[in-house]
Structure formats: C-alpha cells, structure tokens
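Peer 1: Single-letter residue listing:
2 protein chains.
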Amino acid sequence: MSDAHKREAEKITLAHGSGGRMMQRLIREVFLEYFDSTELANLDDAAELIIDKSRLAFSTDTFVVKPIFFPGGDIGSLAVSGTVNDVLMKGGCPLYLSLAFVIEEGFPMQDLTRILESIRATAKRAEIDVVTGDTKVVGRGEADGIFINTTGVGVILPGVDVGGRNAKVGDAIIVSGDIGAHGIAVMAERNGLKLEGDIRSDAAPLNRAVLPLLERFGEAVHVMRDPTRGGVATALNEIAVSSAVGIVLEEAVIPVSEPVTAVCDILGLDPLCLPCEGRFLVFVDPAVADDVLSFLSDLEECSNASKIGEVKGSSSGEVQLNTVTGGKRLLDMPAGEMLPRIC
Amino acid sequence: MSDAHKREAEKITLAHGSGGRMMQRLIREVFLEYFDSTELANLDDAAELIIDKSRLAFSTDTFVVKPIFFPGGDIGSLAVSGTVNDVLMKGGCPLYLSLAFVIEEGFPMQDLTRILESIRATAKRAEIDVVTGDTKVVGRGEADGIFINTTGVGVILPGVDVGGRNAKVGDAIIVSGDIGAHGIAVMAERNGLKLEGDIRSDAAPLNRAVLPLLERFGEAVHVMRDPTRGGVATALNEIAVSSAVGIVLEEAVIPVSEPVTAVCDILGLDPLCLPCEGRFLVFVDPAVADDVLSFLSDLEECSNASKIGEVKGSSSGEVQLNTVTGGKRLLDMPAGEMLPRIC
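Chains as they are written, first to last, in the numbering used here: chain C, -10 to 332; chain S, -10 to 332.
Okay, chain C solo, but in the shape it has when bound (with noise of 0.2 Å):
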C-alpha cells in the first residue's frame, strides 16, 4: 500500500494517546499539517499569548483516568492540578480556570459533588478561579462515567522565558522530587493490586516551587516541564529534539521511592517512563543550579530534588542514560501506551 492508502485505512490506537512515539507521529504529522501556528509548533504544554502588551499562558488538557478516584487524589484534583502545572512550565502565574464536563447518563450524584469539592480544595490551594463552564451529558454507554476538560489562563511574570526550545548547553537538569508515584497509584487501584509500601499520587498545583523560583532565578531558568504521560523518558526526549541538544541523564540520582522501585522491578516498569503530576523538570544555567537545588530541598513538597543530569553540545536530539551499572544507553520515549487512561 501507499502511504496515502495506508493513512486512509488506520485507525486511532491508545498508542495515539499515550505520550509516546506514536502520539508524537500523530501530533506532528497528522495535527500540525492543518494549524499554521507557532505556538502549536512549539509543542510546549502551553501557548504563549500576546494580548495587548500582556503575555499570557493558555493551556488545555482533559482527564479520562480510571478509576476517577484513587489513593492521592481523583479526577477532580487531578484536572485542576494537570492544567495549573502547564501554565506554570510555561512561566504563568495561573489566574483563570474553565471547567467542561462529559458525563455518562446514570452517573451518581454523589460522586459528582465529591469531585466538585476536590476541585474546589484544589483551585483555591493554586489561587485559581474557576469562571467558566459547560456540561453535557451523553447515554449509557457513550463514555465512561465522567471526562473533565480544564483550560487555565495566567500571566507569563516578567522577564521570563522559558519552554521546551531554550535548552542550553552546559545547562543543568533538576527534578523537584521522587517520580513515577502518580502512575502506580492509579495503575494499583485500576487493577485492584495491593501494593507494599503507601504509594499516593503525587498529582498537585506546583505553585509554591515555581512561582518562587521564577520571581528569585528568572533568566537563569531555561525550560520547564512537568513529566506526564510518557515520563522523564517523553519530556526529556522532546525538548532534546525541540532545543536540538544532546542530555547525559546519571540513573543512580533520579529519585524513586522505594515501594515505586519496588513495583517497577516486579511488573517490568521503567520508572522513568511513569507518569508524574506533582513533579517537574527544570532546566537552569550550570551557575545556579547548586543554589536552585536547594532553593527547592527546602520546600516540603520538593525534599527529593536532584541534579539528574545535564545538557551536552551534541546536537542529535538524543537523551543518554548511565545507567547505575557503569553502562550507557540511549534513552527512548515509549514507543505505544504502557498504562493508558492515566491521567
């Protein structure tokens, strides 16, 4: 077949949405041929908006997790969290919130209003206002339970500049905590695994880590990213492609809990392919990074940061992990989907 007939025959995939290599496919070939936007060629989780002199982030995402409530937090938190944390990657100070419901026809009541106070709690912890929103309702059947969709607007603070094109070389890369905690929690609950160990979801709005850092490092603060669907492995990988650097990641300082590592090695899981929602990555001048890192330590919410690795000169796109062993390998995004509806 051509590639023309093969395109007219395929068919959507959970591949297509799981943040890796197939997403990615779909995104830059299918996605980006009809939009002629910058932004969107960016590929960064939010858009930069110029609105009279005003720069404004402007972020979307809608949540399918199954189950919707799970150790950590449920659908509720989770959106509001997700949505406030792209527009914080992207330099915002979250300031508006739009909150669009589907739900299944039979869903309980109940339920709903426990979601609604979880979003609440949630958007008044980031300072966001929910001012806006939809609901529709489909029949039985036609989805599953309730899908949220959350679009945030904030204001880029001044002098910043940051997203997934302005790698540095040189640069160094700290995540703010332990990872892949989010992934396991709902992948636990979906299957109705007991797991060793409490493993919560770290799924929560990083405000009070990067508004901080923004307002005390501005400049010196490069990319931000916080690593969802797909992982460090995804997020790394793009802004490796995006900013045309090569990254050295050191295996040995990436922060897994315990019980995290615990499942991974049992299940077969790489961590650094776990979804994260309270976690992020920055990427900081060399000059700061010792100063930032400690900055963050001394944040409850960011005890576990480290330096885990740095950008190198090369300009191949591609992520290098040395492994704990003494070995190198190249670290790649997940090819299809390892745990779908997960965020």
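No lab work stands behind these hints, which were simulated from the structure alone. Be aware that one or more of the hints could be misleading.
The list treats identical chains as one, so a pair stands whether inside a single copy or across any two.
What the hints assert, rightly or not - Taking lysine to aspartate or glutamate and the EDC-like style, the derived pairs with C-alpha atoms no more than 16 Å apart in a straight line are:
#1 Lys0 x Glu93
#2 Lys113 x Glu22
#3 Lys55 x Glu93
#4 Lys55 x Glu178
#5 Lys157 x Asp274
#6 Lys0 x Asp100
#7 Lys0 x Asp133
#8 Lys113 x Asp25
#9 Lys0 x Glu94
#10 Lys301 x Glu239
Predicted, not measured: the structure shown is a model, and the values here were computed from it.
Following the hints, complete the assembly by docking chain S onto the known chain C.
Peer 2: Showing chain S alone in chain C's frame:
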C-alpha cells in the same frame, strides 16, 4: 426521603444536559454551591477576565454531537463556531482557540482528518488561531467516537458591556435569522429521516455580523445570546431572570423556514425550543432598533433578521408569547431533554 437523602440517591440524567430546567437546577443548586465566582454566577456563555488593563472574554464548550457529520456541518465546524460565538456574545473579538480531543480507540483516521480540515476552514473564516491542544484516546466502548472541547479567548471591544443581566425595559429584541435548522438537521440525520426541503444546520461563526454591529452601535447593545441548547425559549427565560425583567414575544414575526415549520408540525416540536448554532438574539435600545435591523438584514447571513419582541417593565422574569391566533401564553424553557447530543 429528606432533600439530602434524595440528592445522595440522585443520578445524572440526559435532562441534566438539556439546556432546560433540569440543567438550570444542576448548575444553580450543585455547581454554583462549590465556586464562589461572580463571573460563573452571571451564567453568561463566556466569562469576562480582567488581566492587566485588558478585558478578555473566555469561554469553553465540549461538543458531543451525534452524528458527527450532518447536513451543513460536522463536529469540527460546530466546535469552532460554538466557542467563537460564545466569545462574541460577550462582546469579545475572538483571537485564540484551544482544541482538546477525546477519541475512542478504533476511530477512523480518515474521519479525524476530515474533522481537522473542517476545523481549519472554520477557524480561518472566524479569524481565530488554534494555538494549543490535547489528545486523549480511550478504549472501545469508553466514548462514542469523538468528543471535542474548544476554549476561546478574545478581547472585549472598548465601550462594549453586554451580558444577560443588562436587559433594560423598552429594549427591542432582534433575532439574526430563521431559527431551528441546526436541531432539525442533526435530528433528521441521526434518525435517518428523509425530509421535504433542504434543511441544513445553521452552524457558523458570527464574527461578520457581531463585530461591525458592536462597533457601530456600541453601548446601545445591551444583551447578546446565541440560542443553542434549549433554543430561543431557554435563552430568553435565562435573560429575563438574570435581568429581572419581563419579555413579550410576537410569534407571528419569529422567522422559521417553511421546511422547519413543516417538520415541527409533524413531529410536535416547538421551534422556539430548537437549538441554533449560527443565530443570535440581540437586545438593543429601542432608539436604534430599526437601524440595527436594517444593518443586519443587509448581511447575507442575517437576511431573515426580525424584531421579535421587547422588554417590559415587569420584574417577573417571565416570557410571554403573543400567539399567531391572538392568544397569550407563558413561554417556559423545556423541562427536560428534547434532543440529546445536539451540540
């Protein structure tokens, strides 16, 4: 059962998504309980945001229309028009749009590209830029094909202050064209009905009518509302309540095309409860009513514009219909769901 117990046992029904009384109750008694926002409480289709010194209109909608392709449009053109029009109804010039998909596994790539092409064409016509997006894929049977959320941002024109609370006694009420075609076109396509006459959805962005109207008549324009879910009956009842006024409509001058009237007669549908996706209601100072009507009538897309009623002194929040046969009746909004998944 006590009210609290009733609420606990309650489940979401299709009527909660109808745009009618049940949906009003859900919004007022459940959603507004959780969010202390003046903008949300206004219940306009867009919120007004103040950022620095700019006034922005911000609106979100998720589209779940079934079927996704119908005479005169598809879920893509609808998703752009719907949100663009909500931004316009708040007096905003639409600038930026986000696009978030929930797609069911197995959805044909060909249908996706057809929808993207339609989104591109409609966004171009509405002069709005798609700047950010999101794609989620759920398993087979976990959604019905494709759902699309769009969220739009626009700048409110200087001197313009429109909203559901601003209707003033004496205002003339003008509708921009014949009503109900969108509802009938989608319903007929869904049910495989062969209709007499060519009934196509009216779905279209309203920029070319609304922006010049606002520029020309400015503060004389008090309220704009596109009568989508629940139709003209719901829109006018909402405005009457929000502004604490009475409204009187003249049935004889409400424009309904012959084919739509014929279908409504056969099926027992009230055109005043049918959704439009390319029409708007505008409340203007009576001094400019004739000029507004003549201005609109000169535009191709508003050639059937008509002055259909006026605002009366009573603070009843009621809408009275003077019928063709010389009678008077209260026009209520529909109680439940006449046409599910119409947008």
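Peer 1: All hints are to be evaluated individually against the structure, with a verdict given for each.
Peer 2: To see whether the hints hold, each was checked on the structure:
Taking the closest pair of Cα atoms, lysine 0 and glutamate 93 come within 16 Å of each other only across two copies (10 Å); inside a single copy the shortest separation is 24 Å, beyond that limit. In this homomeric assembly, lysine 113 and glutamate 22 come within 16 Å of each other (Cα to Cα) only across copies, at 15 Å, whereas the closest approach inside a single copy is 39 Å. Proximity of lysine 55 and glutamate 93 under a CA criterion of 16 Å is satisfied in both settings, with 14 Å inside one chain copy and 15 Å between copies. For the homomeric pair lysine 55 and glutamate 178, the shortest alpha-carbon distance inside one copy (9 Å) is at most 16 Å, but the shortest distance between copies (33 Å) is not.
Taking the shortest Cα distances, lysine 157 and aspartate 274 sit within 16 Å of each other inside one copy (8 Å), while across copies they are farther apart (59 Å). Proximity of lysine 0 and aspartate 100 under a CA criterion of 16 Å is satisfied inter-copy only: 9 Å between copies versus 33 Å inside one chain copy. When the C-alpha separation of lysine 0 and aspartate 133 is checked against a cutoff of 16 Å, the pair qualifies only between copies, where the shortest distance is 15 Å, while the shortest distance within a copy is 20 Å. Taking identical chains as interchangeable, the C-alpha atoms of lysine 113 and aspartate 25 lie at most 16 Å apart only when they sit on different chains, with a minimum of 11 Å there against 36 Å within one chain.
With identical chains, the CA atoms of lysine 0 and glutamate 94 are at most 16 Å apart between copies only, with a shortest distance of 8 Å across copies and 27 Å within one. In the homo-oligomer, the alpha carbons of lysine 301 and glutamate 239 lie at most 16 Å apart inside one protomer (13 Å), although the nearest pairing across protomers, at 73 Å, exceeds that limit.
When held up to the earlier numbered hints, the structure conflicts with none and fits them all.
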